[in-house]
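Please build the complex by placing chain G on the supplied structure of chain Z, with the hints as guidance.
Below are the chains, spelled out letter by letter.
There are 2 protein chains.
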Amino acid sequence: MLQYDKLSLNIPDTTKPRVVIIGGGFGGMNLAKSLRDTDVQVVLFDRQNYNGFWPLLYQVATAGLEADSIAEPFRKMFDDHKDFHFRMVRVNKIDPATKTVTTLIGDLRYDYLVIASGSKSNFFGNEQIQKYAFPLKTIPEALNIRSQLLQCFEQASITRDPAERQSLLNFVIAGAGPTGVEMAGSLAEMRKHVLPADYPGLDFSQMNIYVVEGLSKVLPPMSDEAGQKAQRYLEDLGVIVKLNTLVDSYDGETVTFKGGEQIKTQTLVWGAGVTGALIDGIPAESLERGRILVDPINRVQGLTDVFAIGDIAFMKTEKWPKGHPGVAQPAIQQGNHLAKNLRRMLKNEPTEPFEYFDKGSLAIVGRSRAVADLPGNIHLGGFIAWMAWLFVHIWYLVGFRSKLIVFSNWMYRLFTYQRGTRLIIRPFIRKDDKVANEIMLKNEVA
Amino acid sequence: MLQYDKLSLNIPDTTKPRVVIIGGGFGGMNLAKSLRDTDVQVVLFDRQNYNGFWPLLYQVATAGLEADSIAEPFRKMFDDHKDFHFRMVRVNKIDPATKTVTTLIGDLRYDYLVIASGSKSNFFGNEQIQKYAFPLKTIPEALNIRSQLLQCFEQASITRDPAERQSLLNFVIAGAGPTGVEMAGSLAEMRKHVLPADYPGLDFSQMNIYVVEGLSKVLPPMSDEAGQKAQRYLEDLGVIVKLNTLVDSYDGETVTFKGGEQIKTQTLVWGAGVTGALIDGIPAESLERGRILVDPINRVQGLTDVFAIGDIAFMKTEKWPKGHPGVAQPAIQQGNHLAKNLRRMLKNEPTEPFEYFDKGSLAIVGRSRAVADLPGNIHLGGFIAWMAWLFVHIWYLVGFRSKLIVFSNWMYRLFTYQRGTRLIIRPFIRKDDKVANEIMLKNEVA
Chain Z
1 MLQYDKLSLN IPDTTKPRVV IIGGGFGGMN LAKSLRDTDV QVVLFDRQNY
51 NGFWPLLYQV ATAGLEADSI AEPFRKMFDD HKDFHFRMVR VNKIDPATKT
101 VTTLIGDLRY DYLVIASGSK SNFFGNEQIQ KYAFPLKTIP EALNIRSQLL
151 QCFEQASITR DPAERQSLLN FVIAGAGPTG VEMAGSLAEM RKHVLPADYP
201 GLDFSQMNIY VVEGLSKVLP PMSDEAGQKA QRYLEDLGVI VKLNTLVDSY
251 DGETVTFKGG EQIKTQTLVW GAGVTGALID GIPAESLERG RILVDPINRV
301 QGLTDVFAIG DIAFMKTEKW PKGHPGVAQP AIQQGNHLAK NLRRMLKNEP
351 TEPFEYFDKG SLAIVGRSRA VADLPGNIHL GGFIAWMAWL FVHIWYLVGF
401 RSKLIVFSNW MYRLFTYQRG TRLIIRPFIR KDDKVANEIM LKNEVA
Chain G
1 MLQYDKLSLN IPDTTKPRVV IIGGGFGGMN LAKSLRDTDV QVVLFDRQNY
51 NGFWPLLYQV ATAGLEADSI AEPFRKMFDD HKDFHFRMVR VNKIDPATKT
101 VTTLIGDLRY DYLVIASGSK SNFFGNEQIQ KYAFPLKTIP EALNIRSQLL
151 QCFEQASITR DPAERQSLLN FVIAGAGPTG VEMAGSLAEM RKHVLPADYP
201 GLDFSQMNIY VVEGLSKVLP PMSDEAGQKA QRYLEDLGVI VKLNTLVDSY
251 DGETVTFKGG EQIKTQTLVW GAGVTGALID GIPAESLERG RILVDPINRV
301 QGLTDVFAIG DIAFMKTEKW PKGHPGVAQP AIQQGNHLAK NLRRMLKNEP
351 TEPFEYFDKG SLAIVGRSRA VADLPGNIHL GGFIAWMAWL FVHIWYLVGF
401 RSKLIVFSNW MYRLFTYQRG TRLIIRPFIR KDDKVANEIM LKNEVA
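One line per chain: the protein sequences are Z and G, in this order.
full-length UniProt numbering puts the first residue of the first sequence at 1, with every later residue one more than the last.
full-length UniProt numbering puts the first residue of the second sequence at 1, with every later residue one more than the last.
Only chain Z is shown next, with the shape it has when bound in the complex:
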């Protein structure tokens, strides 16, 4: 058994400058990749041993892709980098005064520190929702949703109680951002093309998919055109869209909205908000709205040699007064740009401010139903946007292998309308649901 006093980070001493990166998401991973041939030691901390391609996480949640298809282990990704060190460990705090990072198993001095810890689900302080809702930010969470969806249909098949069955067949998705829209569209396509054949004993006209959004439009970060198109696509697929509706409470059985309306459901997917995954030790005056204020070279306000990139960073600019959108592109670009600036600093050359190159945004509702906002006020929809979505996502997927698997899965689905992988590998079991616990037993042979 492990004992703390026998553990240490075991990072070799070096005379080279040491760059410590906290978090290997789009920002941290691209920074580390861009530092490959720079004469620095790179140390990457992450609590997972893989980089996930989060834009496709909803596919894992709706049984379209294997979890492994959207993830790439850091060890493999960086196995040809010299003086690169990955440690799968949580960072507890940073201390800019002593230039030290404190992890569960020891401290490490840095020359440059980059906080790329991303975002986490925001439950707005509602502990009951946090306990019962299904967030969708990590692979284990996506697998929980996959198990939950399939278990709902299995359980609906064995209940005699119509109210219970209805509650098992009601799916409520909080938040009409890309995650919520993609989840809802994907579920609606399952209902149309897959589930009736799988569960001939169930009446799928009873299955309801709700998307509820506090703001007045679908896809709030995108254009009005895109939002309206996406809403129409969702409604064409039979999804019930409720705008200007906020979730007030959820006890695992009933969602109550502000205003009093209630829906009985066993499944509330939480895509209603994120907040920065902060780390202790960042001065309070450097924080705003749960994110870290940075200057135009991503340096944390008030600190030297500490940087923040990606979702956790809040860079106020004229064009982006609320910061850059919390999607992959700003993180990727900031990671690559910071690598260049670090090299400039090492050579005592002047740094260059970050400028976000907005390539546009895409969201998918279903097959042949996607929306795109492109630079130059161009708005696409339908099949063309869908092809663009497919192309962009395959293009950016990390690593040759993932691309091949995802591509073959997609081609297969394209021709057959089948979903890949409707397996309940680890049943999702609420600890307080004793019966589900017993019925969905695992690990032992029947």
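These are computed hints drawn from the structure, not numbers from a lab.
None of the hints are false.
Put simply, identical chains are the same to the list, so a pair is met inside one copy or across any two.
Cut-off 27 angstroms, straight-line C-alpha distance, at most; resulting in silico cross-link-like pairs (BS3-like, lysine-lysine):
(1) K340 with K99
(2) K33 with K192
(3) K340 with K319
(4) K6 with K264
Being a predicted model, the structure only gives us computed values, none of them experimental.
Only chain G this time, still in chain Z's reference frame:
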């Protein structure tokens, strides 16, 4: 939340004969498939919602294949069968007197009952081994091993204690049957081709792979030629093979063998034996060595209308006095054969005794290293046996999709020596290891 009094099996009443199958492994699945166009109602019970291709389970455990690649959901498999009903539920007992099966959520009368519940790990009553060893019979167990292996290397990277590091790098596999041989060979290939690049900070000459076997040969069920070849292949790959060696105890830290020798290891993989996954209600006089005695048409000894097929069935014949081997082929053939006999019984025609058509046995050690015993006393090894192994396993893999994914994974590995999927999706955590628990935290962002 589910309540028992609101649940029922919800199997529609029918005037057709009802065939109830317990377990959807090779036997049960093939029986159900073969009954497709027979005028019966088929009810399949299984505690998993998928059929697994168990001969490739070791690949999941050693990060070579995704779990989803070797499994196919029953719902999908049978979505075009009429009057077929799958229920994901455990069978508690059977009552031949009333022709009833009792599950957690209700009883069901049968006209014909087929027990195809397979086998489970046999710890020979040693509770300590059962608690600490890693069995390899189910997909969650394989994923536990995958997580454990990768966590061992991560943890070996952060310990300063040489004894702890050695114990993390020692892997002991109990049992030199096909599972043990395949696990050991696969681990040895990882050590050779993958791990040194992934973990440049570790010295892999310290990594030891032991296979211990109580009998005097490797691959006891196969020919002496095959066993000797497999042993040589293993030793060529640097695996330490210990024959005539029985595990006496394992406390999670130290394996002690009968005779007193000890090896410190964090990982004992248990492939040392299986026993029938029995169900309450089978008369004691119908059991022998943990299996169900059946007559030549797989009817359970002493019962009418109750059959047992596959690993759980013990059919004594002149050629197979100890029963058929516990592999896929007898189960598949018995499933198909029983379907034919059921049709004959329905038409009041005489049944025909089962005859096992032995197609031979195969086991794989690594790339270009496999052994085959073919009918006619033919023994193959090396590249030819390996090609045969590849061909047979792809051929029998269930479902078009799995075949494509597995095939593309294999082709990829063939050309790159890469393993697919070295992800710790759900860390394996011993409840009593508090530090590992904290370090391998999951689900939250770094």
